[in-house]
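Enquirer: Chain by chain, the residues run as shown.
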Amino acid sequence: MSTASPAAAPAGTPRRRIRREYLLFLAFIAPNFLVIAVFAYWPVLYNLFLSFTDWNLIAAAPGYAGIGNYTATLTDPAFHQVLLTTVVFTGVVVAGSIVLGLALALLFDQPLKGRGLVRTAAFAPHILSGAAVATIWLFIFDPGYGLMRALLQPMGVTSPDWMTDSTWALPGVIIVYLWKNIGFAALIYLAGLQSLPKDLYEAAAIDGAGPWTLLRRITLPLLTPITFFLLITTIIGTFQAFDIIAVMTAGGPAGSTTILSWQIYDEGFRAFDAGRAATTSIIMFVVLLLMTGLQTRYLEKRVHYR
Amino acid sequence: MSDTIIRTERRPETPQSPRTSGGPDTRRRAPAATLVKYVLLIGAAAVFLGPLFWLFTAVFKTPEEIYRFPPAWLPTSLSLDNFTAAWQAAPFDRFFLNSAITTAVGTALKVANAVLTAYAFCFLAFPYKKPLFLVLLGAMMVPGHVVLLPNYLTVASLGWVNTYAGLILPGVGSVFATFLMRQHMLTIPRDIIEAAKVDGSGHLRTLFTIVLPMSRPILLTVLIITVVEEWNNFIWPLIVTNSDHMRTLPIGLLMLKDQEGLANWGTIMAGTAMVLAPMLLIFLLAQRYIVGGLTQGAVKG
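Going down the list, the sequences are from chains A and B.
Using numbering that gives the first Met the number 0, count along the first sequence one by one with no gaps and you end on 305.
Using numbering that gives the first Met the number 0, count along the second sequence one by one with no gaps and you end on 300.
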């Protein structure tokens with residue numbers, strides 16, 4: 000419009016432009032925030048309300064139950080078992096994804112022939128339907144005609160009856176979950192590895208640092224933001240593990256694969272106990288908040304964005 | 000972008016590479032170490048390809064080939080009997096249609112939300128941007144299962160049970176994709192945006208002519224991730240639909256499995272292949288974009 004630089008423009012113009020920018024900002028984020036308000040934040044409040052009721056989803060109105068649901072849930076030994084199972088399941092899957100994902104990424108970062116193909120194969124399960132993957136593994140774990148038996152029997156090992164044996168069902172589900180998720184962690188780590196500054200490695204190598212030192216002193220610290228990102232997303236993803244469990248075990252046998260997410264579904268949509276389901280939901284939410292909160296606090300100083 | 004891939008794929012296999020060289024004796028140690036690495040690589044390939052091999056051979060096997068021990072490793076013919084049986088057992092054409100509609104519309108809305116929100120937070124001025132972004136990220140900490148029951152009640156009160164609106168709309172809010180887009184947009188030099196502004200380019204124009212073209216890899220990544228998410232979505236369609244007419248593929252597969260039990264793996268595997276194959280195909284065609292996009296997103300400027 001004019002040749003004047005922005006700095007020399009009259010005082011009123013930038014201010015009006017800024018106000019227009021505010022409105023544009025709101026317009027851009029409004030649809031997203033509306034959906035998130037209605038379907039992510041409001042349900043938390045609604046859940047909180049339901050957790051103080053004893054609604055069966057059929058009665059006209061929920062009846063007030065005080066903290067009855069919380070005392071009943073928290074003192075229920077079955078619930079303690081669910082918590083324990085959830086911790087074991089989440090812990091093993093998260094640790095396994097990160098350790099094995101990093102190991103795979105380091106392998107894929109080596110100049111090996113065919114690594115591109117293997118990287119593709121490793122990442123593929125991540126994008127496949129959990130229900131489909133679970134169904135394949137049900138067949139693999141079939142004690143009579145599955146791949147596991149075909150592989151283990153020649154070595155003299157009897158393949159357990161994975162999905163109907165309460166000792167083996169959880170390890171079985173964990174194997175499937177890891178199989179599906181390691182590739183994602185590997186891909187994210189690989190992207191991180193390839194973005195690391197090469198001159199740092201050159202300098203360290205000149206100083207006589209070996210591969211192990213390079214990994215511990217340079218690679219791992221520089222990958223902290225990626226590890227942090229993976230920790231958070233994997234924990235949240237694992238907490239919501241549902242499709243594989245729903246298809247493979249439906250929480251069984253004898254509740255041995257019932258983690259919190261299945262428990263909520265079971266209480267809400269199979270037992271129609273809205274109060275108990277809401278209570279379990281709130282407990283799960285608090286546990287997740289505490290865990291991510293602690294991690295954020297712990298890692299805040301070491302993670303450097305920007 | 001393909002440049003990047005080709006360059007990294009063909010990194011020379013010399014011991015001078017700074018990352019692998021440990022000292023003067025590297026040259027002598029290299030062959031043994033390389034052998035170990037190849038063994039690991041082949042092991043990884045077997046672990047990840049084995050189950051898919053098991054699936055794609057089973058869909059062509061006859062019951063005799065499946066129900067014997069040791070099993071037939073390869074089918075003797077490419078018979079499509081298992082697919083016909085699965086199609087007769089459940090309305091897979093309807094499942095396909097429902098999955099396609101839900102995926103297409105859901106992805107379009109969700110990615111639009113991600114792009115607009117990410118742009119707003121990166122390049123538009125607003126007083127409470129930081130807390131607002133935390134509000135957005137906070138939604139990522141609300142697990143899907145916590146909101147399951149209340150969302151079902153909300154959707155039911157809107158009369159959306161067994162409708163596409165009920166299937167799609169609750170899921171179009173975008174946090175993760177927004178986060179990815181924003182992470183990338185932050186790496187776009189602000190000088191470029193400022194220059195466009197000085198040249199009189201409005202924000203919509205800047206978004207479409209500068210930011211989106213510069214974000215092509217990450218945009219494709221986000222697009223593919225969202226398509227995959229929507230297609231594979233399980234628990235929400237399970238809850239919000241209750242008639243065959245509105246079921247999506249993954250739910251249809253669960254029904255098929257419950258119906259056929261463990262007595263008919265051939266049919267069940269055919270159903271499984273129908274659920275899984277479209278995403279596998281998209282992945283094989285677009286994988287370079289995912290990997291390239293994520294790699295470039297991580298490399299600054």
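No wet-lab data here; the hints were simulated from the structure.
Incorrect hints may appear among the rest.
[To be verified] Pulled a few chain A residues facing chain B out of the computed Cβ check, cut under 10 Å: (1) N31; (2) Y40; (3) A60; (4) Q152; (5) G155; (6) P159; (7) L219; (8) P220; (9) I231.
[Stated by the list, open to error] Which chain B residues face chain A? A few, computed with CB under 8 Å, are given here: (10) L34; (11) V38; (12) P69; (13) A71; (14) T177.
Backbone N, C-alpha and C define an ideal beta-carbon position, used for all residues, glycine too.
Enquirer: Now look at each hint and say whether the structure bears it out.
Expert: Structure-based check of all given hints:
1. N31: Holds, because the Cβ-Cβ distance from A/N31 to chain B comes to roughly 4 Å (cut-off 10 Å).
2. Y40: At 7 Å from the nearest chain B Cβ, A/Y40 passes the 10 Å test, so the hint holds.
3. A60: Since chain B brings no Cβ nearer than about 13 Å to A/A60, farther than 10 Å, the hint is violated.
4. Q152: 7 Å, holds
5. G155: It is violated, given that the least Cβ distance between A/G155 and chain B is near 14 Å, above 10 Å.
6. P159: 16 Å, violated
7. L219: 14 Å, violated
8. P220: 16 Å, violated
9. I231: 8 Å, holds
10. L34: Violated. Min distance 11 Å.
11. V38: 11 Å, violated
12. P69: 6 Å, holds
13. A71: 10 Å, violated
14. T177: B/T177 check passes; min Cβ-Cβ to chain A is 7 Å, inside 8 Å.
The structure does not agree with the numbered hints 3, 5, 6, 7, 8, 10, 11 and 13 stated previously, though it agrees with the rest.
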